[in-house]
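Going line by line, the protein sequences match chains A and B.
Quick note on the working numbering: the first sequence kicks off at 2 and runs consecutively.
Quick note on the working numbering: the second sequence kicks off at 2 and runs consecutively.
Incorrect hints may appear among the rest.
For chains that are exact copies, the list does not tell them apart, and a pair is met inside one copy or across any two.
To be verified - In the DSS-like style, the derived pairs of lysine-lysine whose C-alpha atoms are separated by at most 25 Å in a straight line are:
hint	residue 1	residue 2
1	Lys281	Lys226
2	Lys141	Lys281
3	Lys152	Lys322
4	Lys320	Lys152
5	Lys131	Lys281
6	Lys203	Lys190
These are computed hints drawn from the structure, not numbers from a lab.
There are 2 protein chains.
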Amino acid sequence: MFKIRSLAAVLALAGSVSIASAWETLPTVAPAPEDNATTAEKIELGQMLYHDPRLSSTGTVACASCHNTMLGGEDNRPNSMGVHGQTGGRSAPTVWNSAFNKVQFWDGRAASLEDQAAGPVTNPIEMGMKSWDDVVARLKAIEGYQQAFEKAFGKEAISKDNATKAIAAYERTLITPNSPYDKYVDGDKAALTEQQVRGMDKVAELGCTGCHSGAAFNGAGMFQKFPVIANGYFEAQYHFKKDKGLAEVSKNPADEHLWKVPTLRNIALTAPYFHNGSVKTLEQAVALMAQLQLGKELPKEDVADIVAFLNALTGEFPKQKMPVLPGTPGTTFN
Amino acid sequence: MFKIRSLAAVLALAGSVSIASAWETLPTVAPAPEDNATTAEKIELGQMLYHDPRLSSTGTVACASCHNTMLGGEDNRPNSMGVHGQTGGRSAPTVWNSAFNKVQFWDGRAASLEDQAAGPVTNPIEMGMKSWDDVVARLKAIEGYQQAFEKAFGKEAISKDNATKAIAAYERTLITPNSPYDKYVDGDKAALTEQQVRGMDKVAELGCTGCHSGAAFNGAGMFQKFPVIANGYFEAQYHFKKDKGLAEVSKNPADEHLWKVPTLRNIALTAPYFHNGSVKTLEQAVALMAQLQLGKELPKEDVADIVAFLNALTGEFPKQKMPVLPGTPGTTFN
Numbered sequence: 002m003f004k005i006r007s008l009a010a011v012l013a014l015a016g017s018v019s020i021a022s023a024w025e026t027l028p029t030v031a032p033a034p035e036d037n038a039t040t041a042e043k044i045e046l047g048q049m050l051y052h053d054p055r056l057s058s059t060g061t062v063a064c065a066s067c068h069n070t071m072l073g074g075e076d077n078r079p080n081s082m083g084v085h086g087q088t089g090g091r092s093a094p095t096v097w098n099s100a101f102n103k104v105q106f107w108d109g110r111a112a113s114l115e116d117q118a119a120g121p122v123t124n125p126i127e128m129g130m131k132s133w134d135d136v137v138a139r140l141k142a143i144e145g146y147q148q149a150f151e152k153a154f155g156k157e158a159i160s161k162d163n164a165t166k167a168i169a170a171y172e173r174t175l176i177t178p179n180s181p182y183d184k185y186v187d188g189d190k191a192a193l194t195e196q197q198v199r200g201m202d203k204v205a206e207l208g209c210t211g212c213h214s215g216a217a218f219n220g221a222g223m224f225q226k227f228p229v230i231a232n233g234y235f236e237a238q239y240h241f242k243k244d245k246g247l248a249e250v251s252k253n254p255a256d257e258h259l260w261k262v263p264t265l266r267n268i269a270l271t272a273p274y275f276h277n278g279s280v281k282t283l284e285q286a287v288a289l290m291a292q293l294q295l296g297k298e299l300p301k302e303d304v305a306d307i308v309a310f311l312n313a314l315t316g317e318f319p320k321q322k323m324p325v326l327p328g329t330p331g332t333t334f335n
Numbered sequence: 002m003f004k005i006r007s008l009a010a011v012l013a014l015a016g017s018v019s020i021a022s023a024w025e026t027l028p029t030v031a032p033a034p035e036d037n038a039t040t041a042e043k044i045e046l047g048q049m050l051y052h053d054p055r056l057s058s059t060g061t062v063a064c065a066s067c068h069n070t071m072l073g074g075e076d077n078r079p080n081s082m083g084v085h086g087q088t089g090g091r092s093a094p095t096v097w098n099s100a101f102n103k104v105q106f107w108d109g110r111a112a113s114l115e116d117q118a119a120g121p122v123t124n125p126i127e128m129g130m131k132s133w134d135d136v137v138a139r140l141k142a143i144e145g146y147q148q149a150f151e152k153a154f155g156k157e158a159i160s161k162d163n164a165t166k167a168i169a170a171y172e173r174t175l176i177t178p179n180s181p182y183d184k185y186v187d188g189d190k191a192a193l194t195e196q197q198v199r200g201m202d203k204v205a206e207l208g209c210t211g212c213h214s215g216a217a218f219n220g221a222g223m224f225q226k227f228p229v230i231a232n233g234y235f236e237a238q239y240h241f242k243k244d245k246g247l248a249e250v251s252k253n254p255a256d257e258h259l260w261k262v263p264t265l266r267n268i269a270l271t272a273p274y275f276h277n278g279s280v281k282t283l284e285q286a287v288a289l290m291a292q293l294q295l296g297k298e299l300p301k302e303d304v305a306d307i308v309a310f311l312n313a314l315t316g317e318f319p320k321q322k323m324p325v326l327p328g329t330p331g332t333t334f335n
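Let's have the full structure, built from the sequences with the hints guiding it.
Rendered as structure tokens:
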């Protein structure tokens, strides 16, 4: 289900790598795995499945409910609300640009978007389906899905494997290019304000980009320990260490508090912050990251400059058509 | 908030009016009230508001959550699920073609789509906002909404009145024309099967169209008593009389069990049936209506024919663009 990286390999020394000369713009196409080439038919089916609340036990929760494609790709909540109003312990990561994550979920336990898509559907506090067999049975009863799966994958193609492949193919189209940052890197020097350029320089100088590297500012599939520096005062407020990250799954003490490096793209739209959504503002998130990861107490001006820069990472959201979901005559959810 | 019709006026004698010669197709444009002319800008804003979960206390429930515009305009549940997983006592009516209802809500307590739109937002078990002042304050904090309201209504226009006007303007575009029935009435005699034509004739002969009249099969703003005929056996199963309908609001005993006549358009997609969603299949719904409203026990073949006809009332769902909702930097919902 996931590969555990060695601690040595994943703990890149924050601040030791200058990438000031390597600012990258966001690609407009995401790479697809060999066994799931992106096609228009898969994208269309995937968009339907992604927005279909009938993939949940109650008929009320779709992928899009918590990872909202009309907004910043999540729900602006500390923890998402699944079936029957239940909440879990982690904050929904944005679906936008998730195609550029090498690993998925906060703890990086899924190696692909396909793997990830399978999880929430049968999670009892998220979409609450008893099994994927039940999901497949539900989809098979819907004539319009029989046709859409056939178009995308061939005859009698409704399966967990194909459903998650279609969802992943759709998610690979959820890319937000042309942020002010991208325009600036592409040569439009007026795209950023002076303050934003100062913030950009500080992000590199301070070492934020040691982990938040690459076009999506999410490292190259990198895991990172968080918090690196123990701080009882902040821990008492934010309870960051209550959740052990990757170790919750691997049960390996070496993986305690290891997390996928999250993207900084569109971060201004995705409050609250951190894996448990305990921090409400970007200002506080930046100040905490500097203290807990880099051991630096930033002056207010530096925080303001970095936040200004982070606001320049909000991209253009692509125009989408609204899916028309095929009806199920006679279906009732309880 | 609503007008109480006299009992005599609303209780049209079912079966006494033959409208066999008056089959009407669905108009493709809905009339708008004088003080809320439909404009492209209002429709665009209304579509955004309709799909925005930030109109709920938890940030999880939009109008579209229960009245799903990607499906049959509702949620296929006996009772919808509002904030914190709460459920009420009535089944969500479809939003499709609701522009052709003269009154809104199951009990008809709202005289317009504008009036209706104001209700669920502050209903504690639906969208759970404490007040419309809170909604307006939230919208005012979102820059993109300031612009969208200005385009639709002019400067500093964010208000309850304008928000509900925009939502209503959008809802007036949610029309599903060109059902097989419409094509048949328009002269395409191959659009219906023989069984569907038999069902259509029986619907008129039996008197269903005494109440379910007009282009949307919803009467002309008509209220009707339901059930007309007392039946302890069915009551024990379905509890139709537990909810007193219009009398719950008017407190007038003469209004007990008076309901808005619901549209039959797209009814095949909107199981389960009746105000409390207690009946799972269209077959059972048709049989119960014949017994409880017309005092007739229908042979199975008649039920099958009528159900076949009702399936011919599923229209074409218009293609919509997906709204891009303006972000709220720094917003958190709990």
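Find the hints from earlier in the document that the structure breaks and name them by number, from lowest to highest.
-> No numbers; nothing is violated.
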